[in-house]
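A.B. asks: Here's the letter readout for the chains.
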Amino acid sequence: MSTGLGDNEIISRVLKGEQNAYAELVNRYQAYVFTLVLRMIKSREDAEEVAQDVFIKAYRSLADFRGESKFSTWLYTIANTTSITFLRKKKLDVHSLDNEKVFEVADSKDSGLRANMVEQKSRVNMVNEAIAMLSPDDAEIITLFYKAEQNLEEISRILRLETNTVKVRLHRARTRLKDKMEKNFSEEVKNIY
Amino acid sequence: MNQQQNIEQQLWSYIDGLSSNEERSAIQKLIETNLEWKNKYHELNEMHQLLNAAELDHPSMRFTKNVMEEIAKLHIAPATKNYINKKIIWGIAGFFLTLIGAFLIYGFAQVDWNFQDNSKPLIDLSTFDIGKVFNNNFVNGFMMVNVLLGLVLLDRVLANKRKKFQKQV
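Residue numbers (the working numbering), protein chains in the order written: chain A, 956 to 1148; chain B, 36 to 204.
Derived from the structure by calculation, the hints contain no laboratory data.
Treat the hints with caution; some may be incorrect.
Label-pair distances were calculated between CB atoms; the ranges are [unchecked claim]:
id	chain 1	residue 1	chain 2	residue 2	range
1	B	A128	A	G972	34 to 42 Å
2	A	K1025	B	M179	48 to 56 Å
3	A	N1080	B	H77	32 to 40 Å
4	B	S95	A	T1040	31 to 39 Å
A virtual CB, placed ideally from N, CA and C, is assigned to each residue, including glycine.
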């Protein structure tokens, strides 16, 4: 049940020893964190584990949150680093946008995903499927911008990049998403445009 | 960047609300008058709407319970600023800066500034004896300062531990 309290109020309660108040923050942000992690990691099981880890890490470091940014921005920074660490451990290629290997990996995933595609899909499902085909970097930046309610400055803080770089990366990610949609969902895309 | 990409980039800035007022009015005019811009805008705007409408994924029903069970075993770590003493950081930085400065002064002190022969370097490294440098009083003095700083640091750590112990008792 929502308490209606602001994030900072909940945090100060938790810091004063009211551990149960943290459940409200978990309820509030679990879908955002889970979506972000899932779009990077691409496996529900692993994403659930990593997302839990994100909230546990955030709890342990809560005293370090100084309120200079939104709690969500701070939380997504932890989600970003935890997901990257997980992917590195799994030896999956997470970097970089200019690395052609990423696209080879993403393209090889396409064929597997295509095989499981149901013929008729809702528009929303189609977007989610197309995002799942993107590289972790592209999927992350699109999710942060559209779903996690983060502006370019906040994304630049989360990804530790210049705001202009974020803008260019977002543009490239959307172009690649559009390409994926046109390539894999040509019929549905025709109906949209 | 080709023209198509340029149009797309400008339109994305327009859709995201990131373009300036002048750019906005110029783009608005182009959308109204130019068919290519109009079609592209329609296409990108549709995609923008779709991305906004995309739903969030949800973890399992037990997610919050699992997290709360895990954190019940944990304590919040003290804020980093509470256990990193800035004076110690500045002390270490000061020590290394002094060390570098001292070596530079020592190096320059060895230079014969009146030497006229341009064919040879100011410092003749072939005759440089490293053993001699690490045996003189200058370096011994530095080692002493280093040891003293170490002892002061150790004293402070032990004093802090004693205080904590007394508080617990």
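A.B. asks: Compare the structure with the hints numbered earlier in the document and write down the numbers of the violated ones, lowest to highest.
C.D. replies: 3 and 4
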